[in-house]
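Visitor: In case you want the letters, here they are:
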Amino acid sequence: MLLFRNSMRQLFRMKGRTALFLLLLALASGLCSLGRGFLITNQAKMEAYEDSFMTIGTVEQKADQVKERTVWDAEDKDYHIFNDSVYNSYVPLSVLDFEGADYLSGPERRCFYGSYMPEYEMYDMGMSLSEIVEGSPVEDAVPDHPIAFRVTRVLIGQGGIREGHVISFCDHYNPKPEKLYADKTYVMSLAYSPGHEDQKEFEGDNPTEYIPFPVLGSTQVDMEGNRMPDEVDDEHFCDEVTAGFYDSPIGRRWLNIISTWDNLRHTFPVTGTSDIYLMMAFYNGNAYISRGREFTEEEYARGDRVCLVSEVFAKREGLAIGDELPLALQYANYRRTAGRSFATNTAAAFTLVNVKGEIYPIFEEGNYKIVGMYGGQSGLRDEYGLGYNEIIIPSRSVKHSDADNILESGPMAGSNTSFRIENGTIDEYMEKWNKLQIPNVEITFYDRGYSELEANINNMKYIARLLIVMGVTMVLMVLAYFSWLFILKQKERTAVERCLGFRKRHSFVSLFSGIFLLILVGSVCGSVAGSYLSGEIAGKLERKTYYDKTFGNSAGTDAGDMDEASYERVDPLKASAECALVIVAVGTMISAVGIYANLREEPMKMLAGRRE
Amino acid sequence: MELLRAEHVSYSYQSKYQKVEAVKDVSCVFEKGKFYAIVGESGSGKSTFLSLLAGLDLPCEGTIYVDGEPLSAMDRDAYRLNRAAVVYQAFHLFPLLTAQENVMLPLEFKKMRKKEAARQAQMLLQRVGLESRIFRQFPKMMSGGEQQRVAIARAVASGGEIILADEPTGNLDSGNEKNVVALLKELAHEDGYAVIVITHNQRVADETDHVFRMKDGSMEQIR
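Chains L and W are the protein sequences, given in the same order.
For the first sequence, our numbering begins at 1 and goes up steadily by one.
For the second sequence, our numbering begins at 1 and goes up steadily by one.
Do not rely on the hints blindly, as some may be mistaken.
Said to hold, decoys possible - Just a few of them, taken from the derived set where beta-carbon distance is under 7 Å, the chain L residues facing chain W:
1. Q10
2. R13
3. R503
4. A597
5. L599
6. P603
7. M606
What the hints assert, rightly or not - With a straight-line Cα cutoff of 27 Å, these simulated DSS-like cross-link-like pairs (lysine-lysine) come out:
8. L:K491 <-> W:K178
9. L:K15 <-> W:K115
10. W:K140 <-> L:K489
11. L:K77 <-> L:K62
12. W:K114 <-> L:K15
13. W:K34 <-> L:K491
14. L:K491 <-> W:K140
15. L:K489 <-> W:K115
16. W:K178 <-> L:K504
17. W:K185 <-> L:K504
18. W:K34 <-> W:K16
What the hints assert, rightly or not - For the chain L half of the interface with chain W, some residues (derived, Cβ under 7 Å), not all of them:
19. P214
20. V441
21. V496
22. L607
FYI, nobody ran anything at the bench for these hints, they're computed from the structure.
Given the structure is predicted, the values throughout are model-derived calculations rather than measurements.
Don't be surprised by glycine CBs; every beta carbon is placed ideally from N, CA and C.
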């Protein structure tokens, strides 16, 4: 106690130096503690956010060229010019399999399948079908303008045309339509087309007309996406009905078309995927799992027969989690998405017969167990959205080839081709991708703001490291300087004490105890202040930071809530204790080294100032 | 009465370039109540011999006996604390302690209670001729003579029987020199201390009872 009191007494008689030492050490400890607090907080934030963010890339093949197409307009009596994208060939998905591409999911090229399920009915199908009717013109006429056409039989309709109706018909987009004869019967596929000024004589102030809706020519393509040859051309919409017509190949094709149109009300869009978040609707939160669960990694990998259905569809059909749906896949469409096709105000723009004129045979059949239901928007005529009643399945669950059932094909597009990579690896990925120099393929990344957040957090971590370096440097400098002042410059004191009979350990305690107390007080005060300050600053920064709240994967997920709760906060007491402990340990070491250096000196030599 | 005896004491050390034989085969006896001077030129080994007598180092050869007991076998820290005190030319007081605190430190270190130590310190400071106004002054506020008196009081406070003084008057004017020498003489003759002074000063040597001369590490008694 005497030694400690003596040590403190002498220190406090150097008030200025002691106060400066305490102040500087507290400041240096504060910087260390502040930096450490920032570093831990931001590290924890980054780790917490890592699971909340998701980075996907969508792939789009750009057209090789644009070609003009002229279309006749009977109303304007002129050609209209349209631009069509031309692709010399479709770039295969395999270009994305390059060395160094480290995917978490995908890449995948999605199609949607048509699954015929007669026991279930499509609700809000959205898609408009053509009306297939038989009839004759009221008088012989060339339909290069609206002509009166009497309907004698409705083979399939939307309710707009009834038998006996006289409708206005114009082969609107054909510059040289063939003449129709009043004594002949024709079967035609027609579409309702409102708003034609030249129809006022038929419709008064609300002029409308029916125009051809060609559905007879098959759109079937092979695996490479090439159109398969069909004897019926794409524009074919009308045939003369004669005796035995429906027994002829073309007549049977008409009947098959009528049959598929009827079946369409029971044909559901099914999309296969290896990760539902590769589908933009789920990624951006427009669709979310509202009941049940997502697919597991094992289900994806094994290709289990499980499915996700729309909550609305399930409710209307009385389906529950665990029920099974008998999917029977008829066709695959690689050009459009279900979101674009099964939506409000869309027309059935594809033909559901193959080039032989036959209905596509079922190529995959099985019972799929409902494991989850999704809510959110669908049927918005959005390529990136979900279609009405769309069913989601693991892509690997489709075991059989759809090679003979491909309805349409197209290039890779943002809506159907995507992959998922680690957060924060976009630059690394793009560096490798750009080296491949693949023309006309554009990759767009979506990361929900992760890059920006990561950059912000990295900046904060950089500042934190800077603070730590500054703090550690300052701590070392302060300890070194004051060790020199309080210890090495006290060699004489040690020597006198030794001459007075102090043992080495007494002299050690005499010098060390006071300095140790100063180091302890300075480092603890500074560390505590630094830790609380880091908490305060982190809190203020958080309140000022806006995070995108649109990425919730389920209803009610809120990034703001996550900010408050989901990452581990720095315990200020624990953090400051750890920081102070390290500084005290370093200070003790430096002091001890200095004191031992003092004690190594031979007292008489030092005090005499010479050895004789 | 014999208190300290050096028998064939030699001491050498390795300097940066060569081995230095600082003390060579020195034998001598120091008695209680006597005032001794060791004179010699700089580098003759006086201070080294004094540090051997203080037990701050041990001879390479030979033995120093204290009351017949070899110093090498004793607790040398306890020896300095209780029996032998050293006084320096440069005083070497603790600059951050007052005169009284400087004297109190060895007393308190020997477990004396604070009040008693303060009383004893004041008595010793008066004994060496210091006025009470000096007691609370820090060394830098005192004259050289006052500082040396405090140093002697601190040495006496150790309660020993040997005072080893290395050029105690080297930094003093002639007036203070006289006073300090008189004090040391008094401590030897009246209080029974064995006082051993290293000095270059013939006036100081003339005041002592016995004089030893050291030359190139060897010692001879010249009076």
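Visitor: Work down the list of hints and note, for each, if the structure agrees.
Guide: Right, here's what the structure says about each hint:
1. Q10: holds (4 Å)
2. R13: holds (4 Å)
3. R503: holds (5 Å)
4. A597: violated (18 Å)
5. L599: violated (12 Å)
6. P603: holds (5 Å)
7. M606: At 10 Å from the nearest chain W Cβ, L:M606 fails the 7 Å test, so the hint is violated.
8. L:K491 <-> W:K178: violated (31 Å)
9. L:K15 <-> W:K115: Since the Cα atoms of L:K15 and W:K115 sit roughly 26 Å apart, the hinted pair holds (cutoff 27 Å).
10. W:K140 <-> L:K489: Measuring from Cα to Cα gives roughly 17 Å; hence the hint holds.
11. L:K77 <-> L:K62: violated (34 Å)
12. W:K114 <-> L:K15: holds (24 Å)
13. W:K34 <-> L:K491: Given that 27 Å is the threshold and the Cα spacing comes to 33 Å, the pair is violated.
14. L:K491 <-> W:K140: Satisfied, since the Cα-Cα distance of roughly 18 Å is no more than 27 Å.
15. L:K489 <-> W:K115: With Cα atoms ~31 Å apart, L:K489 and W:K115 exceed 27 Å; violated.
16. W:K178 <-> L:K504: violated (36 Å)
17. W:K185 <-> L:K504: Roughly 33 Å between the alpha carbons, so the hint for W:K185 and L:K504 is violated.
18. W:K34 <-> W:K16: violated (38 Å)
19. P214: Violated, about 108 Å.
20. V441: violated (78 Å)
21. V496: holds (5 Å)
22. L607: It holds, given that the least Cβ distance between L:L607 and chain W is near 5 Å, below 7 Å.
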